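Participant: Sequence lines, in order, name chains A and B.
Taking this note's numbering, the leading residue of the first sequence gets 1, the next gets one more, and so forth.
Taking this note's numbering, the leading residue of the second sequence gets 1001, the next gets one more, and so forth.
A couple of the hints might just be wrong.
As the list claims (entries may be wrong) - Computed cross-link-like contacts, DSSO-like style, restricted to lysine-lysine with a CA-CA straight-line distance of at most 30 Å:
#1 A/LYS45 / A/LYS240
#2 B/LYS1193 / B/LYS1046
#3 A/LYS375 / A/LYS284
#4 B/LYS1344 / A/LYS97
#5 B/LYS1252 / A/LYS97
#6 A/LYS97 / B/LYS1233
Unchecked claim - Between beta-carbon pairs, the in silico distance windows are:
#7 A/HIS314 / B/GLU1156: 28 to 34 Å
#8 B/THR1075 / A/ARG54: 43 to 49 Å
#9 A/ASN19 / B/GLU1155: 46 to 52 Å
#10 A/MET63 / B/ASN1072: 51 to 57 Å
Keep in mind that the hints were calculated from the coordinates and are not lab data.
Keep in mind the model is a prediction, meaning the values are calculated, not measured.
Glycine included, every Cβ here is placed at the ideal spot set by N, Cα and C.
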Amino acid sequence: MRGRIFVTGIGIISAIGKNAGETLESLRNSRSGVGPITQLDTIYKAELPVAEVRLSNKELAEMTGVAEYQLTTRTTLLGLIAARETARHAGLDPSEKQFLTGIVSATTIGGMDKTEINFKNFEKGWPYNHFIFTHDCSDSTEKIADYLGIRDYLTTISTACSSSANAVIHGAQLIRHGIVDRVLAGGTDPLSKFTLNGFHALLILDKNPCKPFDRDRMGLNLGEGAAYLVLESERSASGKKVLCELKGYGNANDAYHQTGSSPEGLGPYLSMKEALEMSGLGPKAIDYINAHGTGTDNNDLAEGIAIEKIFAPHIPPVSSTKPLTGHTLGAAGAVEAVISIMALTQGMVFPNLNFRTRIPELSFEPVKELTETKKVRNVMSNSFGFGGNDSTLIFSAC
Amino acid sequence: MEAFIRGIGNISPQYTYNNAFFLEEVVPHHSIRMLSREPDYKEYIKPIQLRRMSRVLKMGVTAAGICLRDANVETPDAIITATGLGMMEDSEKFLTSMIDKGERLLNPTSFIQSTHNTVGAYIAVMLKCNKYNFTYVHNFLSFESALTDAFMRLEERPSERILVGGIEGIAEIYFQITGSAGFWKKEPVESLKLLQYDSPGTIAGEGVAFFLLTKRPDPGNYALIRDVRTIYKPGGPKDIQEKIDHFLDKNKLDVRDIDLVLLGLNGDVEHDRIYHWLQENCFQQNSQAYFKHLCGEHYVASSFALWMAAKVLKYQRIPQAILLKDNRTPGKPIRNTLIYNQNKNITHSLMLVSSC
Chain A
1 MRGRIFVTGI GIISAIGKNA GETLESLRNS RSGVGPITQL DTIYKAELPV
51 AEVRLSNKEL AEMTGVAEYQ LTTRTTLLGL IAARETARHA GLDPSEKQFL
101 TGIVSATTIG GMDKTEINFK NFEKGWPYNH FIFTHDCSDS TEKIADYLGI
151 RDYLTTISTA CSSSANAVIH GAQLIRHGIV DRVLAGGTDP LSKFTLNGFH
201 ALLILDKNPC KPFDRDRMGL NLGEGAAYLV LESERSASGK KVLCELKGYG
251 NANDAYHQTG SSPEGLGPYL SMKEALEMSG LGPKAIDYIN AHGTGTDNND
301 LAEGIAIEKI FAPHIPPVSS TKPLTGHTLG AAGAVEAVIS IMALTQGMVF
351 PNLNFRTRIP ELSFEPVKEL TETKKVRNVM SNSFGFGGND STLIFSAC
Chain B
1001 MEAFIRGIGN ISPQYTYNNA FFLEEVVPHH SIRMLSREPD YKEYIKPIQL
1051 RRMSRVLKMG VTAAGICLRD ANVETPDAII TATGLGMMED SEKFLTSMID
1101 KGERLLNPTS FIQSTHNTVG AYIAVMLKCN KYNFTYVHNF LSFESALTDA
1151 FMRLEERPSE RILVGGIEGI AEIYFQITGS AGFWKKEPVE SLKLLQYDSP
1201 GTIAGEGVAF FLLTKRPDPG NYALIRDVRT IYKPGGPKDI QEKIDHFLDK
1251 NKLDVRDIDL VLLGLNGDVE HDRIYHWLQE NCFQQNSQAY FKHLCGEHYV
1301 ASSFALWMAA KVLKYQRIPQ AILLKDNRTP GKPIRNTLIY NQNKNITHSL
1351 MLVSSC
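Please construct the entire structure, taking both the sequences and the accompanying hints into account.
Facilitator: This is the structure we're talking about:
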């Protein structure tokens, strides 16, 4: 390995808090953000619970100082809030000449939240056709870059629900290869009718709060949010307060089906294995797994089988925090990376809410109670997505 | 950071899907958009699958297949795709039915296939390729990001063979909407005279270009990609010129060493100003060529330019249809080509491609 990658800042906004402090409080108290829809204009308001950021676009814009909130996507607004918190936390100043700074951001829907509202009106001209320009996935990335003054390297990743875990991987690669010294990496995705209806048509949305790793699980709850990390090289992190180290990562493809996991969880197994190999840690060194754990029939079984294949008989504490945050899609990898880092820095293992009965095919149950322990040294975070895209990150205490 | 191009698969508005040819015949388009000349997909995709696939998905999977055959590689060690708009046709389909049917009784197929990584994922399933699979979606820099990623992997794993592709397809509604917003010219144009219209807007294009990249020298290699760089919101043309000089300098070259510059001119009177300045102040000594009159303007048009550079270097021939200015010394081999592409002075990219 060419040099270590350090995390010097985190920032997050989701249904369980509009910053890292609020998020930690919610995690500590198992306060779920899942509830009825209040922001999205859909016929499923009374039927499908989601994990919303309960703030209007206007309120989000006021938090960031964006004047023209009607012309800005929710994707960008959520992204700006989390990115600004992350940059401040890390003391990131992109104008410092001695270091090159990049941004790698992820999103699955780009500006779809505005497109779906204005789609039939685009040809009427201004202001409707403004949202042609905000539709691209790169729009939020460039807005965040401009807001923070990041210019040296920009890119955007979209690999469905593993998108922002992959943004962290790519950010680390850019540092390891000397293309930049530090990277703001993460992702942002708002709730949209497009994704709500898509997942509903796939029959994988639970009409009640989701129950990952439960025998009677009925599907997932969608969520929204944004989260970022500042990754730095040893040189640029020198003298700074370091939160943890990104010690390993892996990406593999299940190559089985566009939406379903292979029965044996081959992709998840390969991504976890690759991340472990890179970290140089044995399976026994992992103290907590923040699982992808969506609550769908297919995912939790395949992920569980893959975890057993790597860790049995010493399966570390496993939990999915999606009953708290919902499934934040393109932001999920980064949201859960931030939660994993909180587990490390706070010495806590967060419970998997709503669990009652073990999956008969699996030998383990997820964590049921909040556990405070000094022994959280290495945390694994899984993110799997459509197209069989599977990614694993490993964060370690320094 | 460099890699050889071992195989190519290119589907574009020209007859590029057959690797035996190189623009011997040029297809003129009389329109404001240029659609691909598509091969017979049945050779690459089962008919039962074809029915459910959008046009861009068919083009993507087939171009990847052509590329792998060309390189004589069965399964690559990584699949890295780039697309600005992704699967827009499927997004439009799902969005339209969601609105028209009032969110009821929707078919999930177009939703499933609307994710940006659909082509990469489809190839993985077809080839049973469990390896690294990434998709970059940063407008005009998407393809350059994918190349950068591939180069980094090849540095770490020099024995790997990586499939990298740029994917863009024209979708009907998006094309109409962007037209009403002034992206395209108002009247149909003769594509081969694209630079002669003194008007705003350009011609819409599409295409898929896949490349098999390797570190291994081989007589079958097309060319060597020596470096790639992206630039975001530079100062003025002078700043761009400095960055080009720096890019060449880093690769131990001077602008005089470039035998052919491939420029992303698209016929939009505003857009092309930066190119004109560079043509006169930076590349005045060089032979110059362009490519968007053959592929149209789209987010990964630079992947078409890379195809062109690779073919020029392999065959040591510059087709007349692309030449803007011929400054070659007779008999001197074509060693180095530079691709420069930009959009509205926001995103710029450079690729340095040399003979093997």
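Participant: Give a verdict on every hint.
Facilitator: Results for each hint:
Taken as a hint, the A/LYS45 and A/LYS240 pair is broken in the structure, with Cα atoms around 46 Å apart against an allowance of 30 Å. Note on B/LYS1193 and B/LYS1046: the hinted pairing is violated, with a Cα-Cα distance of about 39 Å set against a maximum of 30 Å. Restraint check: the Cα-Cα separation between A/LYS375 and A/LYS284 comes to about 12 Å, which is no more than 30 Å; the hinted pair holds. Note on B/LYS1344 and A/LYS97: the hinted pairing holds, with a Cα-Cα distance of about 26 Å set against a maximum of 30 Å.
At most 30 Å may separate the alpha-carbon atoms for a hinted pair to count; B/LYS1252 and A/LYS97 meet this at roughly 24 Å. The suggested pairing of A/LYS97 with B/LYS1233 holds, with an alpha-carbon distance near 17 Å, which does not exceed 30 Å. The supplied range of 28 to 34 Å is met by A/HIS314 and B/GLU1156, whose beta-carbon atoms lie about 30 Å from each other. A hinted range of 43 to 49 Å for the beta carbons of B/THR1075 and A/ARG54 is consistent with their spacing of about 47 Å.
At about 38 Å, the beta-carbon gap between A/ASN19 and B/GLU1155 misses the expected band of 46 to 52 Å. The supplied range of 51 to 57 Å is met by A/MET63 and B/ASN1072, whose beta-carbon atoms lie about 56 Å from each other.
Violated hints, listed in ascending order, are 1, 2 and 9; each of the other numbered hints is respected by the structure.
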